[in-house]
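Asks: Following the hints, position chain B against chain A.
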Amino acid sequence: MNLSRPDRRSRLDALAAEYVLGTLPARARTRLSRIARTDTVVAGAIRAWEQRMAPLAEAAPPITPSPRLWRLIALRLGLEPVRPATPGPWWTRLGFWRGFAVASLAAALVLGVTLLRLQPEDGAQPIVVVLAGPDAKPALLATMTRGDRLLTVKVVGAAPVPAGKALELWMLPDGAAPRSLGVIPASGVGRITLPALPDVALARVPALAVSLEQAGGSPTGAPQGPVLYTGPVERFY
Amino acid sequence: MMMTSPAYDPPSDAMTPAEMLLAGAESRSVRDCVDALDAGPKQAIALAFYQGLSHSELATHLREPLGTVKSWVRRGLERLKTCLDRAGYARDA
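Just so you know, the protein sequences line up as chains A and B, in that order.
FYI, the numbering for the first sequence is 1 to 237, going by the numbering used here.
FYI, the numbering for the second sequence is 238 to 330, going by the numbering used here.
Looking at chain A on its own, in the form it has when it is part of the complex (with noise of 0.2 Å):
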């Protein structure tokens, strides 16, 4: 069945709105959701519902998971390795995170809630991020409006990058494992777009980092080489 045919739209819509609200049954979910990773009107429709929705999530009491049911949610999202044969990598250590608000973001995803933030009406408001290394030398700058997914990175004093190697922007997200932004040019200007707009992909992201990897990035969605600079998310509203 074409979703995305004009005279299914009313269909489509009701599937996507079930599909956001969370009645769609566990099938018909997962039909929907592999539609819409190629079709862009069935990844509207419910993309337009999450932005109805959303208001409506920001009431939701925060809900403080236990230490196990974290646990479970860090493994099913893949946040951590399965079974640590060692005491795995600084990310991955408690120690570090501590007195980061683990517990807000464990309840925003057990909620699976989108917290698609209504664009403003003046999205011109600059997001900046200084990174910088031990020396506490500004290496990158990571900019960005408030509306628009794009992400501009230039680099005003990074060390020369090795042949064979590169540089890789990360979000360093409360609580939880980096996620990889991509890999940004060893000099220069690059570009990288967001995964939502800033609000929503920065919003438990207090801070960005760079690593040194393989040429292409890291091949296993985690930082492998060492982390050379970081710096806060910084906005200016």
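Now the stretches of chain A that chain B is said to cover, found in silico as 3 or more residues with beta-carbon under 8 Å:
1. 5-18
2. 21-27
3. 50-56
Since the hints were derived computationally from the structure, they do not count as laboratory data.
The C-beta atom is built at its ideal place from N, Cα and C for all residues, glycine as well.
Replies: What follows is chain B alone, placed relative to chain A:
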């Protein structure tokens, strides 16, 4: 940290799902549209959204036939959309 039973068990001073639905409706148009829903659809949508109940769980919880609950959800969402889109709130991309 306390581990309670798997079922969602809201503390007694918590807002009811229907109250949350209204509290969440921060912008006037969303609030008006939620408020305009009939009691049945409003409660069914709130329970599905905030407590993750399925159609059959809604039917059990609300002590209504499954068909009634399904139609409450469907009609409630349709009305919500019509109302919100009329208010220019969100449009399909």
